Amino acid sequence: MMILGSGLLALIAVSAFVIVRTDDVTNQIIALSFYGLLFALLFFIFQAPDVSLSQITVGAIALPLMVMLAITRMKHRAELNSRQEKKP
Amino acid sequence: MSERRRLLLFLFGAVGLAAIYCTGIRNLPPFGDYRGPYGDVIAQLAVYQRHATDTVNAITYDYRGFDTLGEEFILFSAVTGVALLLRPDKEERKRRNQQQSNPASFQDRAALSETVQVLTTALFGFSILFGFYIGTHGQLTPGGGFQGGVIIAGAPMLLYVAENFEAFRRILSHPLIELFEALGAAAYALVGFVALAVGAPFLTNVLPLGKTGDVFSSGTIALISACVGVEVAAGFMLVTFEYLREILAREKNEED
Chain D
175 MMILGSGLLA LIAVSAFVIV RTDDVTNQII ALSFYGLLFA LLFFIFQAPD VSLSQITVGA
235 IALPLMVMLA ITRMKHRAEL NSRQEKKP
Chain L
143 MSERRRLLLF LFGAVGLAAI YCTGIRNLPP FGDYRGPYGD VIAQLAVYQR HATDTVNAIT
203 YDYRGFDTLG EEFILFSAVT GVALLLRPDK EERKRRNQQQ SNPASFQDRA ALSETVQVLT
263 TALFGFSILF GFYIGTHGQL TPGGGFQGGV IIAGAPMLLY VAENFEAFRR ILSHPLIELF
323 EALGAAAYAL VGFVALAVGA PFLTNVLPLG KTGDVFSSGT IALISACVGV EVAAGFMLVT
383 FEYLREILAR EKNEED
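One line per chain: the protein sequences are D and L, in this order. Read left to right, the first sequence gives residues 175 to 262 (the working numbering). Read left to right, the second sequence gives residues 143 to 398 (the working numbering).
A couple of the hints might just be wrong.
Unchecked claim - Here are a few chain L residues that face chain D, going by a calculated C-beta distance under 7 Å:
1. Arg168
2. Val198
3. Leu282
4. Gly285
Hints listed in this document are in silico derivations from the structure and should not be mistaken for laboratory results. Predicted model only: the values in this text are computed from it and were never measured. Yeah, the Cβ is synthetic: ideal placement off N, Cα and C, and Gly gets one too.
With the sequences and hints as input, model every part of the structure.
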């Protein structure tokens, strides 16, 4: 159990590093979802299945989705602004 | 500031942080060590006192139900804030009314693989059923209203992935999910007032506890869990709805 937990913690550290070093936002969000899933596994082997279930739904699905939607919206606004600046 | 000085300043900060961090973690209790008495006491008593075999939910929705009520309203106000920020202005509303008179004018452009479409459509019903199962069995097994609610809210998102926003909008009524979000949050507080009405403190578990292990047991725990499920499902659907509508309305504007 101890080895499994330590291994997972190491994996989480690696995936956190990968998220920070990823340049493309879409890839970053997919990595973020994987990072959330690793946390769900960690909570599960620490015998907290309730937290694990919440973590799967929130950390691996809802949070990346919200980030993705918010980023898409911001990109649109940035595009519109740059287009308006070019016009005059 | 020169590069050399900046590096020196960084080193100064880094050494200081490392020193504080090391003294901080030196006196941490060993891994997996638990000192407080409350966890052990509740683990012993919860099943007898509340007839709920999942102690975690007995704590969340009963022993510390007032805290959960606060958390519930954090989510509620966050969702309300998003809905308020993304509300369509007058001009947009007018444009949208015109759009509705010509429903075929806009379609999502994403091309999808058939595998994704078939899988997500097939999973739609299962995810709703699974969400209801998780949400209604929180007092017996791991899960509960929050988890079940998010799973149910995931079902229309699957439909959006499989089809398009039109399909998503056709199965969700915007005023209805707004109403359910408010009803879920209000119902939680009302369950608390039921206890006041019979002369007990706020959020006391006053309903009959039933037989341990039954779905209809543990009194208000199952009821509050269901209220939370309604609120969370409607809240997540509402946020997704608002964002998608906003993004697609912008795309439509650019096409014109």
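**Prompt:** Checking against the hints above, which ones are violated?
**Reply:** 1 and 3
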